[in-house]
Amino acid sequence: MLTALIVFALFAAPAYANLATPEMPDSTNADAMGNIYRAALGACIAIFVLVGGWLLYTAVRFRTRSGAGPIDPPPQTHGSTRLEIGWTVVPILILAGLAGYTFDQLGAAENISTSRNALHIAVTAQQFTFSYTYPNGKPPSNPSILVVPVNTPIDISIVSKDVNHDWWVPSLAPKIDAIPGQVNQTGFTATHAGTFHGQCAEFCGAGHATMTITVHVVNRPAFQSYMASLK
Amino acid sequence: MVTETYPTQAPAAPATRSDGLWSWISTVDHKRIGIMYLILTFFFFLVGGVFALVLRLQLSGPSKTLVSPEIYDQIMTMHGTTMIFLFVVPVMAGFGNYLVPLQIGARDMAFPRLNALSFWLLLFGGMVMYSSFLWTGAADAGWTSYPPLSVQSPGHGQDLWIVGLHILGISSFVGALNFICTIHNMRAPGMRMSRLPLFTWTIDMYAFMIVAAGPVLAGALTMLLLDRNYGTHFYNPDHNGNVLLYQHLFWFYSHPVVYVMALPGFGMISEILPVFSRKPLFGYRALVYSTVAIAFLGFLVWGHHMFAVGFSEPVQIWFMLASMSIAVPTGVKIFNWIGTMWMGQLRFEPPMLFAVGFIGLFLIGGLSGIMLAIYPIDQQVTDTYFVVAHFHYVLGTVPVFAVMAGLHYWFPKITGKMLDRRLALQSFWVIFIGFNMTFFPMHGMGLSGMPRRIATYTNSSWTIYNQIATLGSIVLAVGVLMVMWNVLSSLRSSRTAPADPWGGYSLEWYTSSPPPAHNFDDLPPIRSERPVYDLRRERALAREGAAS
Amino acid sequence: MIDKPTATRNLKLALVLSILGVLIFAATMIVGVIVSHG
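Residue numbers (my numbering), protein chains in the order written: chain Y, 17 to 247; chain Z, 25 to 572; chain E, 214 to 251.
Wrong hints could be hidden among the right ones.
[What the hints assert, rightly or not] Here are the simulated DMTMM-like cross-link-like pairs (lysine to aspartate or glutamate), alpha carbons at most 25 Å apart as the crow flies:
#  : chain 1 : residue 1 : chain 2 : residue 2
1  : E       : Lys217    : Z       : Asp546
2  : E       : Lys217    : Z       : Asp545
3  : Z       : Lys441    : Z       : Asp545
4  : Y       : Lys154    : Y       : Asp178
5  : Z       : Lys441    : Z       : Asp43
6  : Y       : Lys177    : Z       : Asp183
7  : Y       : Lys154    : Y       : Asp171
8  : Y       : Lys177    : Z       : Glu94
9  : Y       : Lys177    : Z       : Asp262
10 : Z       : Lys441    : Z       : Asp546
Derived by calculation from the structure, the hints in this document are not laboratory data.
Bound-form chain Y, shown alone (with noise of 0.2 Å):
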């Protein structure tokens, strides 16, 4: 039993100290973001320590030692409607308050971007490339590196040439596919300059896991300077 407490702990430790946290979005609605999942994981973790720890307890509190004399059963209850009713409604209420905490920071993390000024990007999945146009109908200079200005929004429409493919850059969106049939949305605004991975996330064959993306997020007068370039 302390063997597996010991190897439980091990496990866990990593997990809980700042990998904990996924690669959140360099970005504005990245802090709504990391409070939901916050919330989330420290309501779980709790749980966990609570349910786990009861469960623990009662498997050493109340295990008999082998070879001992037949005793007498213990009560032989059946059971109570009142702890029914009880932890019935108690987890209601946890995951009510993680709901309504959701839908507290869901405007926040809305990604879907209607400024005015927003950039707008069309990005067009294909076995296996991104390839994207800027408002003035030209790609990127480097056709795999996406160039962006910083602080400001930009705003992603994707499609697919071929089969479901997904762009996603842990640092700056979530994940949004790409569907043949139909334009997907999302945004974000950086809120860093440097440069950005991700990778395609919808299995889309034998070259998915070749088919990466990188973003440079660039302050705005080299941006503007990048952009008149394009020919």
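With chain Y fixed as given, assemble chains Z and E onto it according to the hints.
Below, chains Z and E without anything else, positioned relative to chain Y:
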């Protein structure tokens, strides 16, 4: 250990039945069919497990070339397909076949010949699917087989996959009919539904869910087959078709199927905990209601597998709330199980160890499920290894812990031999450590951005998680082999099992180990959900009365 | 052998469930046709 034998039972010596190969091939005895199911499904478990080891070896480090992406995709597809359709779903039918007639005091299933057909269709369907490896290659679009990829996939692998799955669907549907008729029409006098052992209750729900959901999958697969081979355009958007139609239909079946797989596992746990706690099941009614609630709610949540496809917000919210709500009846189950143990006299025989291990690990999976139900979180971690972690903790624990618990519990009844107790306890710990080493790091993998179904990766920050998982999978494999060795060597051992080695409660423990062909010479009175316990108690009281 | 009334009940229930299965399959196909060709 209760060694009392019931004097009215025939001894375990075989009567006039033959044991030759033909007698097994032509059998319609539910016990023999059950055994054949268990052997076949366990074989597929090993095959699926070998596939998993290949995947894990390929992913143990970045940029490995153990297998090409094309082969990887076939193995990835067939790992999931085999584990779900050729192992976990039918293994429950195997245990159900063996136990349900015994637990309800019947002589056999309602339709013994149909029962045999179900088994042979399982074998046939599996063979059809696997023949693809010998031809143009197996299906390679994932066990979910989404179009357009699965429509475009060249060769015949996908077609054999679809046809094989249709055959398995018929096997499963016909088996479900059998279970429902048996449970509802063939119970012994006194065996009211309110006295049914939990395992049989869960098989009843298993069967109803298969009847309701199976035909939807059949429809989705038929349209896929037609699109692939007969020029239809159900899923082709260039000709008015709809790609998402498949996903909706597929998940409308496949979400309930996870409860199809899990509920009988829960049933096994619900039988084992009381016996090894020397108490009745705590909250029998609540456990039945929560089983039914899970089965029903399971049909309302399929969209949580599709949170990234671009649903409108009201739809996302519906699926989020409905999915979160399943945690309530599931929690009720867990609490009642611990309540069964509470203030009991716990004997940690192998079945009990596996059962308690199951509860703890399933709890982890259930909690990660709540996180996934919250769609803003899901949009970060869906299609990553976080989901792979989640479903192995809820679904992988069912065969690896719950079914293992059931195997160790009912092995004496089925074979008339006892498993080696020490080896069983050791294999539990090896399996427990291996399982967690394999799947817990996958939470971290997903949170670090590692998507699913990639044949390789270059991001070296994922390597350490993958190395631990690969090592864990080898440890897990060793544990499974230990159980297998225990089974095989115990069959040849001299440790014969009495009718009731554990002090069981339900009717299967009344008859000999193994039971005679006709199951029962007679039955005890059935006045509660614990007829054998009641009989034992009556006799103990009578003895005390006579002694005083 | 099972007594006649039970056998009849079994057959009836099995028939009802089978018809249900076929209807659900047909409904799925109809939904498919409507969505993709309607």
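- prompt: Between Lys441/Z and Asp545/Z, is the straight-line Cα distance small enough, at 25 Å or below?
  reply: holds, 21 Å
query: Regarding the pair Lys217/E and Asp545/Z, is the alpha-carbon distance no greater than 25 Å?
result: holds, 22 Å
- request: For the pair supplied as a hint, Lys177/Y and Asp183/Z, confirm whether the alpha-carbon distance does not exceed 25 Å.
  value: holds, 24 Å
query: Is Lys441/Z close enough to Asp546/Z, meaning Cα to Cα at most 25 Å?
result: Holds. Lys441/Z to Asp546/Z sits at ~23 Å (cutoff 25 Å).
message: Next pair to validate is Lys154/Y with Asp178/Y; report whether the Cα-Cα distance is within 25 Å.
response: holds, 22 Å
- request: Would you check the hint for Lys154/Y and Asp171/Y, treating anything up to 25 Å between C-alpha atoms as holding?
  value: holds, 16 Å
- prompt: Between Lys217/E and Asp546/Z, is the straight-line Cα distance small enough, at 25 Å or below?
  reply: holds, 21 Å
field: Lys177/Y paired with Asp262/Z [C-alpha distance capped at 25 Å]
entry: holds, 10 Å
message: So if I understand the rule, the pair passes when the alpha-carbon distance is 25 Å or less; does Lys441/Z with Asp43/Z pass?
response: Distance of about 18 Å is within 25 Å: holds.
- prompt: Under the criterion that the straight-line Cα-Cα distance not exceed 25 Å, is the pair Lys177/Y, Glu94/Z satisfied?
  reply: holds, 21 Å
Hint violations for this structure: none, all hints satisfied.
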